[in-house]
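Student: Each chain, letter by letter, is given below.
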Amino acid sequence: MSKQSGRCRHLPLAAVTAVALALAASGCAKTEDDASSQSGADAQAQQQVAQSPAGGAGATCTLRQFGGQKFDLKSAVVGFSQSEKEANPFRIAETKSIKDEAAKLGITKLRVTNAQSQFSKQIADVQQLIAQGARLLVIAPLNSDGWEPVLRQAAAKKIPIITVDRKINARPCGDYLTFIGSDFYQQGRRAADQMIKALGGKGKVAILLGAPGNNVTTDRTNGFKDRIKEKAPGIQISFEQTAEFTREKGQQVTEQLVQSNPDIDGIYAENDEMALGAVTALKGAGKQPGDIKIVSIDGTRGAVRAIVDGWLQAVIESNPRFGPLAFSTAQKFLEGHPIPEKVVIQDREYTKENAEDSLGLAY
Amino acid sequence: MTDPTAITTDGATGRPAPSAGPSSPSADAGAAARRERLGHLLQHHGASLVLLGLAVFGTVAFDAFATGANLRAIVVSSSFLAIVALGMTFVIISGGIDLSVGSLFVLGGVLAAYGSRAGLLAALALPLAVCGAIGLLQGVLIGRLGMAPFIVTLAGLLGVRGLMLAVSDEGATTYLVEDRAFASLGQDGPFGVTWPVWITVALAAAGVVLLQRTGFGQNVYAVGGNEEAASLMGVPVVRTKILVYLLSGLLAGLAGALNAARLSSGVTILGIGLELDAIAAVVIGGTLLTGGVGGVTGTMAGVLLLGVIQNLINQVGNLTSAVQQVVSGAFLVLVVVAQRVLSRTQRLT
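Taken in sequence, the protein lines are chains A and B.
All residue numbers for the first sequence refer to full-length UniProt numbering, where the first residue is 1 and numbers rise by one.
All residue numbers for the second sequence refer to full-length UniProt numbering, where the first residue is 1 and numbers rise by one.
Hints should not be assumed to be uniformly reliable.
Here chain A is said to cover these stretches of chain B; the calculated rule only asks that three of the stretch's residues, wherever they fall, bring their Cβ under 8 Å from a Cβ of chain A [stated by the list, open to error]: (1) 170-176; (2) 237-248; (3) 257-266; (4) 320-331.
Don't read these hints as lab results, they were simulated from the structure.
Heads up, the beta-carbon is just placed ideally off N, CA and C, and yes, glycines get one too.
Kindly generate the complete structure, drawing on both the sequences and the hints.
Tutor: Written as structure tokens, this is what we have:
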């Protein structure tokens with residue numbers, strides 16, 4: 001998982017062929033440069049995201065392996081279970097992307113539920129979607145464990161489950177079909193690259209960690225630290241504290257940070273909200289844009305605007321637009337083509353060079 | 001499930017259930033008595049009636065509502081809240097409140113999954129022992145030391161969740177259920193309905209008997225109705241209070257354990273806000289927050305009502321989360337207003 005683009009080059013020929021079959025478009029061949037050079041293209045094209053397989057040498061899944069039956073997506077009941085309220089840009093964009101793509105494909109019986117951050121409700125929601133006769137389930141899981149009752153029911157009816165943005169701890173191509181999400185570790189590495197560039201390879205960096213106890217935080221932290229260690233030993237990580245992915249905490253922690261470590265050169269925020277909180281704190285402390293280099297992850301509109309304003313150096317996107325990829329994966333699977341057991345969605349990168357032009361792409 | 005008059009005699013008005021005897025002097029009085037009886041019925045079964053209405057509406061409006069699979073999904077997911085709300089009913093009738101049940105629920109689940117490594121017995125005994133002990137402690141603080149239930153159980157809400165985080169390594173460790181027999185308790189059952197539902201039905205029936213037909217039940221009503229009067233009449237106020245919080249703790253732990261069996265894991269993010277759902281179900285069911293009035297059947301109808309509202313929202317299937325919250329909030333107001341209006345008509349007659 002760690003070296004997404006690297007691994008593609010080392011895949012054995014057979015696997016590459018299989019991957020090529022599975023992925024009609026783009027895939028591994030697409031590099032980050034392609035993504036950023038596309039910024040002039042129309043928004044519709046930008047919605048199309050590249051994908052690349054990961055996991056064991058391109059393990060794939062077919063309809064026959066899964067044991068399901070072909071059906072017509074357009075006339076089928078399709079269920080989407082959202083985990084959290086559509087109260088932050090990521091969830092808003094995620095739900096909208098699924099709804100829009102379903103509408104575009106002519107899927108009329110899309111049923112959307114929202115668990116409002118209550119896991120018991122999410123389990124009940126999905127069970128009710130199954131009871132409503134859903135033939136395909138797209139789930140944004142609140143939690144990775146505890147899906148046993150849902151997986152049992154779905155397996156009994158051979159309903160394919162596609163999980164987006166977070167994983168379910170179970171067997172792909174069996175308990176569930178496939179997982180579509182970002183490579184959080186890779187996001188951390190790319191953020192590190194931007195930080196190294198901004199600092200010229202040396203300085204003191206603080207990390208605003210995400211909420212403890214989930215893989216997003218761990219992966220984004222490890223990716224960042226690993227990359228700094230191997231590429232820029234001159235950069236020292238002198239401060240690490242959780243700000244729980246929220247703006248208020250980001251501000252609070254940064255206020256303490258500038259007091260206790262006045263010689264800090266850069267801040268790595270593991271999401272945009274914390275970064276924007278940090279900006280507020282720096283403004284309050286009388287700093288000027290660019291005094292302290294901030295790099296963050298998510299790609300919300302507010303953060304990309306902050307790049308334009310000079311407060312942020314770069315933002316690595318965590319792409320929430322799973323709709324096109326989810327339905328195209330399902331379509332391929334239903335047509336009998338092999339699909340990867342893990343699909344990595346491509347994340348953009350916003351820097352000083354492209355931020356102004358790409359503002360419309362941010363969510 | 002139970003005799004409605006058993007509740008009404010202890011009811012808000014304190015009047016005995018009206019009887020329209022054959023000796024009614026005039027037809028008018030007979031009609032008035034009938035109206036009054038109807039008023040009683042509506043007040044104490046408001047939740048059941050709204051539930052019935054919604055069920056009829058759901059059946060007419062949505063093809064996928066009145067199907068076996070959907071109704072099973074509703075009762076299965078409601079059963080855990082029902083067990084918690086059962087304990088809450090006793091607490092609220094006694095004039096108290098228990099805010100710790102959501103935290104006890106998640107702790108019970110984590111402990112059950114942890115205990116399942118040592119087999120079925122440990123998986124049930126561990127959460128019941130710990131949650132029961134915490135309930136007992138809260139009961140002693142409230143009953144013997146006369147502390148406010150709101151504060152004691154709020155401390156429980158915070159402290160117990162902290163305890164759960166300590167057991168689960170800050171929520172990072174999810175214990176998986178190792179024991180097949182225990183998992184089966186949450187996932188299998190006769191007639192395609194899982195055991196937690198049958199256990200809920202049995203517990204609710206036992207709760208009705210306990211509340212309506214035993215001395216303990218009488219004491220709970222008496223303590224909630226007027227604590228000083230009850231004390232003067234020789235009702236063991238302290239013991240009654242301790243017992244209701246013990247009962248509530250045990251039931252919350254049991255619900256958590258059964259839920260862990262169903263999910264096959266001790267999920268650590270459960271139970272946030274569950275105490276409010278339980279309180280809502282109890283109040284919708286006709287139990288007064290001030291204590292002394294209420295019953296188990298109303299609570300069960302309240303739980304099902306919450307479940308059906310959620311299900312209908314999912315049947316519509318394209319509401320945003322914001323609209324969903326507004327709709328469920330509006331429904332709750334509607335039910336409570338209906339009950340209020342009905343009880344006033346009854347007083348006027």
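Student: Would you mind marking each hint as holding or not holding in the structure?
Tutor: For each hint, the structure was consulted:
1. 170-176: That given contact holds, which follows from 5 residues of the segment 170-176 of chain B lying within Cβ reach (below 8 Å) of chain A.
2. 237-248: The restraint on the segment 237-248 of chain B is violated, since only 0 of its residues have a Cβ under 8 Å from chain A and three are required.
3. 257-266: This one holds; 5 residues, not fewer than the three required, reach chain A with a Cβ under 8 Å.
4. 320-331: Our answer is that it holds, as 5 residues pass the Cβ test (under 8 Å) against chain A, meeting three.
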